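Numbers 1 to 736, taken from my numbering, label the letters of the sequence shown in order.
Hint data in this document are derived by calculation from the structure and do not stem from the laboratory.
Every value quoted in this text rests on a predicted model; they were computed, and no experiment measured them.
The reader is advised that the hints may include incorrect statements.
Pairs of lysine-lysine residues, derived as DSS-like cross-links and limited to a Cα-Cα distance of at most 27 Å, are as follows [to be verified]: (1) Lys410 to Lys319; (2) Lys409 to Lys169; (3) Lys488 to Lys160; (4) Lys459 to Lys264; (5) Lys313 to Lys160; (6) Lys264 to Lys303; (7) Lys459 to Lys421; (8) Lys342 to Lys442; (9) Lys262 to Lys459; (10) Lys404 to Lys176; (11) Lys421 to Lys409; (12) Lys459 to Lys442; (13) Lys404 to Lys313; (14) Lys410 to Lys551; (15) Lys462 to Lys559; (16) Lys342 to Lys262.
Label-pair ranges, simulated between beta-carbon atoms [to be verified]: (17) Glu250 to Lys409: 24 to 34 Å; (18) Asp384 to Leu653: 26 to 36 Å; (19) Lys359 to His198: 37 to 47 Å; (20) Tyr489 to Gly183: 20 to 30 Å; (21) Thr256 to Gln560: 11 to 21 Å.
Note that CB positions come from ideal geometry on N, CA and C, so glycine has one too.
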Amino acid sequence: MSEQHVQVEVRLEQMKSLGEDAEKEGVHSEERAPASDPPGVGVGVSVSVARGGNASRSTTVHGHKSRGGRLGKDRNTCGSSDPSIYGSLVSVHAKKNANRAELERTLQIKGNGTILQGKLETNGNYVNNQASKNNQDSTRREEAHKLARKRRPVTVDTAKAKTSLEALKLSIRQLKWKEFPLGRRAACDIYWHGVSFHDNDNIVSGQVNKFPGMIEMLRKINMSRAVRTMQELFPEEYDFYPRSWILPEEYQQFATQSRLVKEKDATLNPTFIVKPDGGSQGDGIYLIRDPSELKLVAGSQAKQSVVQEYINKPLLIDKLKFDIRLYVLVKSLEPLEIYIAKEGLTRFCTEPYQEPSQKNLTHVFMHLTNYSLNVHSGNFVHSDSQNTGSKRTLSSVLYRLAAKGVDIKKVWSDIIALVIKTAIAVVPELRVYHHADIPPGKPGPTCFQILGFDILLMKNLKPVLLEVNSNPSMRIEHEQEVAPGVFKYVPSPVDKEVKVGVIRDTLRLMDPGHKKASVSQPRAGGFENREEIPTEAEAQEEGALPSLCLKQVYPKYAKQFNYLRLVERIAALFIRFLGVKGNMRLGPTAFRTFIRTCKLSNSYFTMASVDILYIDITRRWSGSLSDARDAGMGLQAFVEAFFFLAGRRFKSLALREQVASLLELCEAQLEAHPGAEDRRSVSCSRVLPRAGRGPTPGAANPQADSPAPLRRAASQDYRLHQRLKPREALRANVDN
1 MSEQHVQVEV RLEQMKSLGE DAEKEGVHSE ERAPASDPPG VGVGVSVSVA RGGNASRSTT
61 VHGHKSRGGR LGKDRNTCGS SDPSIYGSLV SVHAKKNANR AELERTLQIK GNGTILQGKL
121 ETNGNYVNNQ ASKNNQDSTR REEAHKLARK RRPVTVDTAK AKTSLEALKL SIRQLKWKEF
181 PLGRRAACDI YWHGVSFHDN DNIVSGQVNK FPGMIEMLRK INMSRAVRTM QELFPEEYDF
241 YPRSWILPEE YQQFATQSRL VKEKDATLNP TFIVKPDGGS QGDGIYLIRD PSELKLVAGS
301 QAKQSVVQEY INKPLLIDKL KFDIRLYVLV KSLEPLEIYI AKEGLTRFCT EPYQEPSQKN
361 LTHVFMHLTN YSLNVHSGNF VHSDSQNTGS KRTLSSVLYR LAAKGVDIKK VWSDIIALVI
421 KTAIAVVPEL RVYHHADIPP GKPGPTCFQI LGFDILLMKN LKPVLLEVNS NPSMRIEHEQ
481 EVAPGVFKYV PSPVDKEVKV GVIRDTLRLM DPGHKKASVS QPRAGGFENR EEIPTEAEAQ
541 EEGALPSLCL KQVYPKYAKQ FNYLRLVERI AALFIRFLGV KGNMRLGPTA FRTFIRTCKL
601 SNSYFTMASV DILYIDITRR WSGSLSDARD AGMGLQAFVE AFFFLAGRRF KSLALREQVA
661 SLLELCEAQL EAHPGAEDRR SVSCSRVLPR AGRGPTPGAA NPQADSPAPL RRAASQDYRL
721 HQRLKPREAL RANVDN
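Based on the provided sequences and hints, a complete structural model is requested.
Here you go:
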C-alpha cells in the first residue's frame, strides 16, 4: 500500500510540475509529453479530452465502479482491484494541498495534438475547465445582448424632414430610437433633411440623408450630360437612356437630326417629350412632333430644357401605360455602396394608351405616368389593395407578368444593371461637390441618400430610364375630397407598405451603434470591395424586425461593372489638382500644372497650345452654364479636354482605349513623382490623394507661403491672361 501511495504521489507531483511549466512557458504543440496516459490520472481525477474543439470525453474515478465496468478493466485506472486504496490516497493528497491555491492544468497528449484542460481543486479532483469556459462565453454573449438592447438609443433630428415626416416617425418608433422633432442643441446621430444637404449648414458630425450636389447633379440637363459622356465611352452599355438634346444650346442639332430622319423615311414621324430642367411632378412636360412646336422662351429668358425621344411602344397592363418608381439607397461614395429596395411602386395612367398622334399629344392622362398629374383625373382609383388601383406595388405587377410567362429574373437583372450604370455615371460629379463641401480633414457629417428611379418597361420588356429624383416623395397619405371643395389627407396603405420599409431599413443600415466587421478586397483602379457582416448582438437585437427590404447590388456586383468607372478616375485627377477648399473649377495655372506633371506636352503640343485648349473649352462651357458659380474649368469641361488629349496621344485606338491609356499614363507619372503638383501657385497649393490609392507620399512644399513664390505665381497668372485675352476662334488654332 505504501508503494502504491508513493507512485501516486510521484505522478501528482509530475502533474503539478507540468502545470507550473505550462503557466510559465505556455504549452506548444511540439512540446513532448508522456507517451501514454499517466497512471495516476484515473485516480480521483476528472479528465476532459477535447478533439478538434468539438467533442469531449470525461472519466471520473472515486473509489467505485465506473459505468464502463470494473475499475480493474478501465484503461484510465492504475490497474488495482482494490477501490479503497484510491480513496485513502486521494484523501492523503487532499490534506497536503488543502491550503494550496487552485492550480490551472494543461496537459498535451503526444502524437495527436489533443489538449487536456482542467483545474486541480483542493479536494484533489481534476475538474474539466472547458465547460466553465463555455459557460463564461455564454455569459459574455448574454451580457453583450443585454448591452445591445440597453445601449443608448440612436438620436434622429427630424426638424427638417418635411413631407417624409410621417413615414420617418413610424420608422423611428419601430426601431425604438429617439426623435427630436424640434432639433437639438447637442449633436444627433442622424439628421433627416427634406430637400437638400444644406437644409442645415451647421452640422459637423453624425450622418445626413443628403449628399451635397445631388439636387444639381440630377437635374435634367446635368443628368443627360453625364449619361451622354458614358454613351461616348460605352455606347452599348448605356442604351437604356433615350437620345436627348439640351435646349436652347443644341436646338440646331435637334432640328437638323429631326429633319434628316423625316427625309430618310417620310413615313416616320417620331414624337419627342420636352422636360424643363428644374421641373418636377410632371410640371411643364409636353409632347411635340416637330421642332417648331418647341416653347423655347419663358418671358424674356431662354427656357432650359431637355428634349428626348418618346418611347411609343411601352408595356401595357389593363391597356394602361405605367412606370416603376424604384427606391435606391446610395450608402456612400467612397467606397461606392448601392442598395435597391426589393419593393417599389407602379404608377398607372388613367386613360387607355394609344400611340401618339397629332390629335392626342395633349392627353396627359394617357401619356404621362406622373402620380401628381393623374391623381387629378376622374378615373384615378385609390385602392387599399396592393394589386389594384392606379398605384400598385411592384411585386404585384411582377407577379402578374410572371403568370403570363415573363422571365421576371431577367427583367429584375436588367433593372439592377440600369441602376448601377446610372450611379456610375453621376458619381464623378458628386465626388467633386462632396469635396467642395466636405473636403478631407474638414469636420463634417457622412452622407447617404434615397433616390427615386423612374423606369419604363418597353413592350419587349427592356427597361428605359426616364429620370432620377433626388427627393422622391415619401408621403404615406394622399389628398382626398371628402366634400365639395373640402380636401383632407387620408392614409395610403400601398405607400405606407413600401415607403416606411425603405426609410426604416435605411436607418438600420446607417445605425452608428452597430459595429460591423468589414472584409475588404483591393480592386483595379484603387477602389474597395467591402462586405459588411452583422454582429451576433445586432442579429439578436433586430430579430423582432422584418428582414431588410434593401438588397446590396454594389459592391456585390462590382466585378461586372468596375470597368465602367473611367470617368471617376478622371474626376480623381481633377480633384487632385483643384487645390483650394470649396473650389470646383480648375484655373489656368492648375491646368498647366496637370499637363506638366503628367508630361503631356511636347514639341508638337506646346504649352501655348495647352493655354489655347483651356480657353477654348472653358469659354464654351461657361456659355452653356448660365448658373456657373465660379470662373474656370469644371469637371465636364475637364473631361472633354481629357478626351481631346487622349485622342491626340493615342490616335489609332478607340475612344475608350484612348482614355484608359491616358489615365494609366497620368497615374503612373503621379506615382513616379509624388508631390510634384505641390510646386505650383498658392491658388492650387492643396494636394489631395487620388481616390483609393491612399495618401500621396511627400510633404507639402515648405516654400508655398513664402513671399517670392507668391509674387512669381501672381505675375505668371497675370502674364498668361494678358497673352490669351485677345485670342478668338481658338479651337481652330490648336496644334493637331
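Each hint tested on the structure:
Note on lysine 410 and lysine 319: the hinted pairing holds, with a Cα-Cα distance of about 23 Å set against a maximum of 27 Å. This hinted pair does not check out: lysine 409 and lysine 169 have alpha carbons roughly 34 Å apart, beyond 27 Å. At roughly 23 Å between alpha-carbon atoms, lysine 488 and lysine 160 fall within 27 Å of each other, so this suggested pair holds. In summary, the hint linking lysine 459 to lysine 264 is supported, as the alpha carbons are separated by about 25 Å, within the 27 Å threshold.
For the proposed pair lysine 313 and lysine 160, the alpha carbon gap of about 41 Å is over 27 Å, so the pair is violated. Among the hinted pairs, lysine 264 with lysine 303 is inconsistent with the structure: their alpha-carbon atoms are about 30 Å apart, more than 27 Å. Using a Cα cut-off of 27 Å, the hinted pair lysine 459 and lysine 421 holds, with the two alpha carbons roughly 22 Å apart. Distance hint between lysine 342 and lysine 442 is unfulfilled; the C-alpha atoms sit about 36 Å from each other, more than 27 Å.
Restraint check: the Cα-Cα separation between lysine 262 and lysine 459 comes to about 24 Å, which is no more than 27 Å; the hinted pair holds. A threshold of 27 Å between alpha carbons decides the hint, and for lysine 404 with lysine 176 the separation of about 43 Å lies outside it, so the pair is violated. As the CA atoms of lysine 421 and lysine 409 are separated by approximately 18 Å, the hinted pair is consistent with the 27 Å bound. Between lysine 459 and lysine 442, the direct Cα distance comes to roughly 50 Å. Violation of the 27 Å bound is thereby established for this hinted pair.
Restraint check for lysine 404 and lysine 313: the C-alpha separation of about 19 Å stays at or below 27 Å, so the hint holds. Proposed proximity of lysine 410 and lysine 551 is supported: the alpha carbons are some 17 Å apart, at most 27 Å. Distance restraint check for lysine 462 and lysine 559: the Cα-Cα separation of roughly 23 Å lies within the 27 Å cut-off, and the hinted pair is therefore satisfied. A hinted pair counts as satisfied when its Cα atoms are at most 27 Å apart, and lysine 342 with lysine 262 does not qualify at roughly 43 Å.
Roughly 39 Å separates the CB atoms of glutamate 250 and lysine 409, a value that falls outside the hinted 24 to 34 Å. Take aspartate 384 and leucine 653: their Cβ atoms lie about 59 Å apart, and the range 26 to 36 Å is violated. In this structure the supplied range 37 to 47 Å holds for lysine 359 paired with histidine 198, their Cβ-Cβ distance being about 46 Å. Checking the proposed 20 to 30 Å range against tyrosine 489 and glycine 183 shows it holds: the Cβ atoms sit about 24 Å from each other.
Range check, threonine 256 to glutamine 560: about 38 Å between beta-carbon atoms, so the 11 to 21 Å window is missed.
In summary, the numbered hints that this structure violates are 2, 5, 6, 8, 10, 12, 16, 17, 18 and 21.
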